[in-house]
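J.: Put together the whole structure using the sequences plus the hints.
Number of protein chains: 4
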Amino acid sequence: MKLLLKMAVPFILMLFINISYAQLRVRAPYQIPDIPGYQTLICDFHIHTVFSDGTVWPSVRAEEAWREGLDAIAITDHIEYLPHKDDIRTNHNRSGYIAKGYGQDIYLTVIRGSEITRDMPPGHLNAIFIQDANKLDVETWQEAIAVADSQEAFIFWNHPGWRGQQKDGVARWYPEHTELLDKGMLHGIEVVNNKEYYPEAHQWCLDKNLTMLSNSDIHPPIQMHYDSPNGDTRPVTLVFAKSKDEAAIKEALFNQRTAVLWRNMLVGKEEFLKPIFNQSVQIENPSITFGMEDNKNVQITNRSDVDFELFRADTLTDITIPEKITLYSGKTVLFNVKKTKKLLRGKKVLNLPYKVQNLLVTPIKPLEINLELEIEQK
Amino acid sequence: MKLLLKMAVPFILMLFINISYAQLRVRAPYQIPDIPGYQTLICDFHIHTVFSDGTVWPSVRAEEAWREGLDAIAITDHIEYLPHKDDIRTNHNRSGYIAKGYGQDIYLTVIRGSEITRDMPPGHLNAIFIQDANKLDVETWQEAIAVADSQEAFIFWNHPGWRGQQKDGVARWYPEHTELLDKGMLHGIEVVNNKEYYPEAHQWCLDKNLTMLSNSDIHPPIQMHYDSPNGDTRPVTLVFAKSKDEAAIKEALFNQRTAVLWRNMLVGKEEFLKPIFNQSVQIENPSITFGMEDNKNVQITNRSDVDFELFRADTLTDITIPEKITLYSGKTVLFNVKKTKKLLRGKKVLNLPYKVQNLLVTPIKPLEINLELEIEQK
Amino acid sequence: MKLLLKMAVPFILMLFINISYAQLRVRAPYQIPDIPGYQTLICDFHIHTVFSDGTVWPSVRAEEAWREGLDAIAITDHIEYLPHKDDIRTNHNRSGYIAKGYGQDIYLTVIRGSEITRDMPPGHLNAIFIQDANKLDVETWQEAIAVADSQEAFIFWNHPGWRGQQKDGVARWYPEHTELLDKGMLHGIEVVNNKEYYPEAHQWCLDKNLTMLSNSDIHPPIQMHYDSPNGDTRPVTLVFAKSKDEAAIKEALFNQRTAVLWRNMLVGKEEFLKPIFNQSVQIENPSITFGMEDNKNVQITNRSDVDFELFRADTLTDITIPEKITLYSGKTVLFNVKKTKKLLRGKKVLNLPYKVQNLLVTPIKPLEINLELEIEQK
Amino acid sequence: MKLLLKMAVPFILMLFINISYAQLRVRAPYQIPDIPGYQTLICDFHIHTVFSDGTVWPSVRAEEAWREGLDAIAITDHIEYLPHKDDIRTNHNRSGYIAKGYGQDIYLTVIRGSEITRDMPPGHLNAIFIQDANKLDVETWQEAIAVADSQEAFIFWNHPGWRGQQKDGVARWYPEHTELLDKGMLHGIEVVNNKEYYPEAHQWCLDKNLTMLSNSDIHPPIQMHYDSPNGDTRPVTLVFAKSKDEAAIKEALFNQRTAVLWRNMLVGKEEFLKPIFNQSVQIENPSITFGMEDNKNVQITNRSDVDFELFRADTLTDITIPEKITLYSGKTVLFNVKKTKKLLRGKKVLNLPYKVQNLLVTPIKPLEINLELEIEQK
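Protein sequences appear in the order of chains A, B, C and D.
Numbers in this note's numbering are just positions in the first sequence, counted from 1, shifted up by 14.
Numbers in this note's numbering are just positions in the second sequence, counted from 1, shifted up by 14.
Numbers in this note's numbering are just positions in the third sequence, counted from 1, shifted up by 14.
Numbers in this note's numbering are just positions in the fourth sequence, counted from 1, shifted up by 14.
Since the hints were made in silico from the structure, they are not lab data.
Don't take each hint at face value.
Same chains, same label: a pair holds when it works inside one copy or across any pair of copies.
List time: in silico DSSO-like cross-link candidates among lysine-lysine, alpha-carbon distance up to 27 Å [unchecked claim]:
no., residue 1, residue 2
1, Lys256, Lys310
2, Lys222, Lys264
3, Lys258, Lys288
4, Lys258, Lys352
5, Lys99, Lys114
T.: Laid out in structure tokens, this is it:
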């Protein structure tokens, strides 16, 4: 046996060299639940390639997105900023076209778009679902947006607090934005772009009924920019759509059915965040019976990708509940509840009141939830 | 802002020091699906503590098991081997009693057992679901097993090929085992113990209708012995039971409704392994339509904890399928199928024939499965 | 070839089952440099076992420490608190004796100690390097400490702000501590215990010339308590000693040659922290030459286990340097320095002034360091 | 305090959003020691960009290499295969030029090269250290290689067993290769390319005194192709050079001072592999003294990135040593040696004979080493 082993080792080594890395491609599906009535799609609507100032070929964008578990992306190269133009022939439609073809083979929806790249105001805007990007290569931003609108594009304002255009990192609303809004030519704003969250933009979306977006604005290879294993994730827009196709995504965007997912933070209307929380979380022992002991354990499982950071919103009269509970992604957590008096009376259903600190329904208001727990005294 | 930041940093540091590690306890649930008619429970029926030759207090065994996502364990300290007896008072019931009390608080089923530790034959046997372990402290192994049986214990043979009793690591069946089997006092065998798989024991279970077990036989703290993040996992017995309580587990064990899960390998009867595979795996695009292109991609998602290693069992006439597909745990994989001729005829359902190399229904026979794929020529 | 492969796979599987996990034991050495004149030893002087209220056998403590890369530990079971005493015979010397024997075989220094466990004041105190722990089992704390002192023990105050004795988590100095100090019977204080840092204790060590300690106070298996891969590390005391043996450690402790290492934080006197920083860090290109370009990159390598968090302490006249630099453990980082004017004059050596925010020389004062960089204008 | 905390949390969140991801760039240095007389440089001499059939901009190649800890790369786009030529203007010098400029800023040596891409024989050849790649765009391979040679290029044969040109994956030597060798126009061969090792090429390098190379041939972003955290690493050529500059690398290549590093395997001449092993490994207790006990532990530390897989080459008369020892990268391992008789005689130095199975000096011969251990009987 020992001799056999010694002989076998180099042989085995050789075998594995030839077979172990077959051409399988692997995708990590997101664990964000659908909500009643809609599929939850994972999307990134702001992406660059070598055709403007990005550093990868368009096909890479589709492959990256598929591997990360995204459902749809938009390619949005700059119209006005083309640092590679001495090497790459100018055709604003090429990057979208190449990525879309690649995406079709791997069941990824690729939307064609462009970034209209102007001084602030109005700054940079993305137009997606466009037909011919070359027609956006015009002199004024007014013209460019009008052309996009005539192509029935969905138009949104990018990174409104970007330090390249706002030294202090604070987003500002200008008359030009009011003008666009009034004309129906501004449909959404990036609440998160790259590695920044803009609370002002968040509030504007709420106040002006605009679609919230969260996009990567990625230029280099995605893994070179986001240290995803350490929590520095690509921002994505959650789209609540009737199906996965392009038309359904467009319909959802025009009807403000989106939320923001970035670095373990969800931003969006309560009508979307609450069902996501509820579909993700399950109390394993929803009914607990006290005997003579003065405390009991409760177990909760969170099947989503998000760690939910719960802070107690109020105290209860019958039992003491923890001040802070983190419902870790993919885990079951156990915590202790204590009776406030020796004997409770009979059976009752309690609503444990918590704020989910990393689920924001406004810039300063976390989502409030109740965990339903039945208690009984034996 | 900058000044603020500098001042804020030590302050922030202090805050986190006090709040970041609250007393939450975290469990990692197994992702092994239930099968039709039964819950799939994750169990380990061979565990030691300081009360024999283990090195942890019994409560640790319950906490470890709960954290790892197990549903039930048995504490099985040696009756005859007590190296700590100068320091620890001898009472064979103590470790099970302590662990059981601890388990109750965290919803973990702890079964009381003992290891009857004798020379080969018959070697070491575990008796679980016993009432009074002290009564097993008798002179002969025949007496000990008779006492266990009189307490309605489930009795199984441990590590039959263990090098401590079989120098060459090969399991051997002795007349003593036939004697026990004939008396109805041998109900199962460890097919996996610690870090060894015994193919002989696997075959005996099939031939003699014995229950297959897979147990850790853990002595030190569990994380000190198994390098789980690198694939060196605790062996567990999958029990297919009508509920999670002790009686249901006992019923399932006496009726051979178990399988072995160890290091990405499943061992068991086809009636159990096939539904586990089928409940775990889903073809994302079960119907593909060919146009003029000569190949298409197929996506399959595997929601279980096991990487399924598929090897092609046969070729097909219409399409060429990959020789090897690994369905990675928790991932979607994509692979390519090629038409064998320019045009296929109409629509048909194909069964892609594969062997799942790491799911063994006998020591030499992997599970055979078919992936159903509808193809159509447009 | 293909046939060969199919046949080979189960065969290979079997081989690996038998050879892959040989009985090698693996230790992860700490990367904390020695300092001029002294070896830097990694130590933990507060550890429990099943012989008081811990949950592991003493040998486990030595094995855990060796694997984690420690050089020395003290076993310090409670004298007065013995919850397992119905099962375990009382002998306060046993746990130290067992661990010490185990440690000898693996080149780990195990020091025998005891925790004198009394109400506050004076609270809990550890006496280490004792000869006979059973003699500490006396009525008053005064007697116990006197016995320890008569055995030439090194005596330190444990977790002075522990919430079990100080509801608000704030450490308080009592007349009893002054009494001990005046008698020469208090030699050190735990500045870090378990998962808490006590700034008050840190200051007392500085003011009263006491030895700073940082200990785990571990009760369960170490990996069950500290989530080390996620930065929740065992606190350790760095001892700057003339050799690795017990006498050298004792000498260093009595002469206050220690520092605290916990969760990426170092606490200690400048005379120890500065050489640790300097021995860990190297500028890869210590001399940079500017041509016409207005900025240049600098690379720094940090060979230690600690990420150093540098914040700029001042600005320079010739170049602009980053406000914040993290020198990641085991990595080289690159950052940009910009000329403040078009042309610098000739060649000069700059000292880039930074505070290392996570290296504390007092509770409110980080270590100040200078990175030496030569610049030249060509 | 609690109120403070609640208020502080969102504030803290905001702070971190703005500061936590500053523009530091991080490099992971290789841990492969220098050898006496030479620096060990980590190099990859076969790399593509969008300028031929790669999918990243040339600057990405320099950034990727710097981050991975490489010292030098060559950009080697195809001369004859330009699938992006409708979008990208043809200029064979551009990719090398762009990458070189980017590399200079980050202290990475970028060598300009081209891949002469012809049918087998002679197949694909890389010419590196070229002056003008456009001159290689000629009709015959003979002309192309002659032009490269006239530019004093280092010329090597790529992936000789590549299945694109050899269906069975076996490298074959053709008269055309003899012709090139005789003319002094073939200087090296890729022993490893991408994810394949060619044992035939390894032997040819030994027989014909050619330089061994190991290159990635990378086309997509590097992290998309190599799953480095799971051991699927980029192959690199170790160059033993007198300095880090381009001329020193060229001199070393022309003088066959290289070795192959790929997936925990080192391939090269004994004169290079032996000092790498010896500089990496240290016995912590090189002298052991036996008393009455019959066995002792030995500790060995391996500071390199390679796990060394040692198999015993012979037995010893005085002590029994392990059959297999894995010296894990960055760890200390401990193993046991047993006396063969009750008492050894006096003091002596033993050479423990091992083969390092994953360090190949020929395709079938592992490196043989001796671990020096002094033993003494007390």
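J.: Evaluate each hint against the coordinates.
T.: Structure-based check of each hint:
Taking the shortest Cα distances, Lys256 and Lys310 sit within 27 Å of each other only across copies (26 Å), while inside one copy they are farther apart (43 Å). Taking the closest pair of Cα atoms, Lys222 and Lys264 come within 27 Å of each other only inside a single copy of the chain (19 Å); across copies the shortest separation is 63 Å, beyond that limit. Within a single copy, Lys258 and Lys288 get their C-alpha atoms as close as 22 Å, which meets the 27 Å cut-off; across copies the closest is 31 Å, which misses it. Proximity of Lys258 to Lys352 under the C-alpha cut-off of 27 Å is restricted to the inter-copy arrangement: shortest distance 26 Å between copies versus 47 Å within a copy.
With identical chains, the CA atoms of Lys99 and Lys114 are at most 27 Å apart both within one copy (22 Å) and between copies (19 Å).
Violation of the numbered hints given earlier is absent; every hint is satisfied by the structure.
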